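*Asks:* Here is what each chain is made of, one letter per residue.
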Amino acid sequence: MLSADNPTMAIKIVERRPLSLAERTYLPQILAGLKVTWDNMVRPPVTLQYPDERPTIPQNYRGVPTLVRDPNGREKCVSCQLCEFVCPPKAIRITPGSITENAENAHVEKAPQEFEINMLRCIYCGLCQEVCPEEAIWLQTQYSMTGTSRDQMVNNKARLYELGGTLPDSHHKWDKKKAEAEKQADGHH
Amino acid sequence: MTLETLLHDFALSPAWYFTAGRGLLVIIILMSIAAYSVLLERKASAWIQGRIGPNRTNHPLIAWIPGIGTLLMKGGFIQPAADGLKFLFKEDPLPGHVRKVYYILAPIIALAPALVTLTMLPFGEFSYEGQKHIITLCPGADVGVLFMFAISSLGVYGIAIGGWAANSKFPFLGAVRGSAQLISYELAMGLSVLTVFLATATPNENNPLSLVAIVNSQTGAWNILYHPVAALIFLIAIFAETNRHPFDMPESETDLVGGFHTEYGAFKFGLFFVAEYGHMIIGSSLFILMFLGGWHVLPWLPTVGSGTVASLLGVAAFFVKLAFFLFFFVWVRWTIPRFRYDQVMRIGWRVLLPVAILNLLAYFAWYALRG
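Going down the list, the protein sequences come from chains A and B. Using this note's numbering, you'd call the opening residue of the first sequence number 1 and step up by one each time. Using this note's numbering, you'd call the opening residue of the second sequence number 1001 and step up by one each time.
Pulled out of the complex, with its shape left as it was, chain A reads as follows (with noise of 0.2 Å):
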């Protein structure tokens, strides 16, 4: 059994001393207290006064959901679907289209006819972005959202591209596999 007395058990028994005079008057303590107040008060203060300062946010925050562009300008989202089914406050909907037979990125066939977040909803989680197998979905800096109506806080898909930008990647797949399909293609002949 181990106990306190028994020496193999590793604990050290902090003798509880009686308080002494000078501790029974609270003076000593009540000095120190005052020392370290007098420190707080001499120190700068920490406080951001937000709207006029703001604060610098780090690149790999998750701000804002927003919809990306490839360097050429192609709209990076294909309308799979995928966020709006793994998004756990059902925030996202999107209504799919096709891209018309005579345009310049026919091949990737599919793009979004519409692409609504509603921000009420959202809850920042950042499954959107993991999910998306284009990287069209991304959560950026923009920390503040706000808006005086409920339709103000849905972001339409105009409004999404505007906040998301040009994704600076250098890959461009559907370049990549329209070109892989044409070689295929001659092949064959």
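Source of the hints: derived by calculation from the structure; they are not laboratory data. There could be a bad hint or two in this list.
As the list claims (entries may be wrong) - Which stretches of chain B does chain A cover? Using the computed rule of at least three CB atoms under 8 Å from a CB of chain A, they are:
(1) 1045-1057
(2) 1327-1334
Said to hold, decoys possible - Calculated pairs, SDA-like style, for lysine to any residue (alpha carbon to alpha carbon, straight line, at most 20 Å):
(3) A:K35 - B:R1333
(4) B:K1074 - A:P44
(5) B:K1169 - B:D1255
(6) A:K110 - A:K177
(7) A:K35 - B:F1327
(8) A:K35 - B:V1332
(9) A:K35 - B:H1245
(10) A:K110 - A:I94
Treat the numbers as computed from the prediction; the structure is a model and nothing was measured. Glycine included, C-beta positions come from ideal geometry on N, C-alpha and C.
Using the hints provided, position chain B relative to the given structure of chain A.
*Replies:* Below, chain B alone, put in the same frame as chain A:
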């Protein structure tokens, strides 16, 4: 008319306009010091907690002044005016369950003693045509410390009546605590002061309890050096008497909601607030007069002449000490937590009172042996 005669007339003349001017001065001084103490409280607490404190309030007319306008805003100097006006223009409800007459009377009873005591407070002296006069708001009435204690202790009636009239449990508990605390600490306070008067008063003197005589005896060393124990007891007792942390039993927001003023709002609450700061001003002033040399600038410093400049310097010294004391009250408040009620009673009855008695007996013995 020279500055000297004007000052003399203002301080001593019984003409009605000077009397009215002095009366107005009491209210202006008390109200503005109290208002700016609140600002100090808010600013100092902010600094201690790493915040900035009030720095947004401004008035378009003041904002228009280049440079100073922004500076005043950043320092929060317009904030007290905004606070006061808010209290004045808020709806002033009269709850249905209160004892109405006493409910309305209580804030007045709380504030009146503070104002009355302030009129008797000496805070400087000047000489005119070879004679020395005391700068006080009610000249010719050097009533001494006994009157001060008698009247300023009446302030607790405001708390007691307010707490009872509010007719609900938390204010009632606050009022009971406030009264008990005052009784406990008044004894130790009186006994500690007695040693000081024992040392300075001479038997043949006209008014042995005169505050002016006390201040005049401190041209050399200040009394705090001769009576350190008495000074400490008095300091602790004024914290308790003014219901400031760590003795703010009657209010104790965390366990009694707001204590005695729980049911009060608007300007009635404002009056209680001003009364609390008024009592802080009086308590600090008494400490300064009795232990910190009153209007003497520094210990062992010979008085610089006796002209108007010297007397104004004395008044300035008094107010600098007062400002430091008000800051000290705030500093202590944001440093240490509140005592438990039983601890307050134990400190009062089992520590301060015996120590004060022993201190007094020691001085008795010292004077008896010295002959």
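*Asks:* Now tell me, hint by hint, if it's right for this structure.
*Replies:* Here's how the hints hold up against the structure:
1. For a cut-off of 8 Å, the count of residues in the stretch 1045-1057 of chain B with a CB near a CB of chain A stands at 7, and the three-residue condition holds.
2. Three residues within the 8 Å Cβ limit are the bar, and the stretch 1327-1334 of chain B against chain A gives 3, so the coverage statement holds.
3. Straight-line distance between C-alpha atoms of K35 of chain A and R1333 of chain B comes to about 13 Å, which keeps the hinted pair within the 20 Å bound.
4. A distance of roughly 15 Å separates the Cα atoms of K1074 of chain B and P44 of chain A; the hinted pair therefore holds under the 20 Å criterion.
5. Simply put, K1169 of chain B and D1255 of chain B have alpha-carbon atoms about 12 Å apart, close enough for the 20 Å limit, and the pair holds.
6. For the proposed pair K110 of chain A and K177 of chain A, the alpha carbon gap of about 15 Å is at most 20 Å, so the pair holds.
7. Between the alpha carbons of K35 of chain A and F1327 of chain B the distance comes to roughly 14 Å, so the proposed pair stays at or under 20 Å and holds.
8. Restraint check for K35 of chain A and V1332 of chain B: the C-alpha separation of about 11 Å stays at or below 20 Å, so the hint holds.
9. Taking the CA atoms of K35 of chain A and H1245 of chain B, the gap is near 17 Å; set against the 20 Å cutoff, the hint holds.
10. Between K110 of chain A and I94 of chain A the alpha-carbon distance is near 12 Å, which keeps this suggested pair within the 20 Å criterion.
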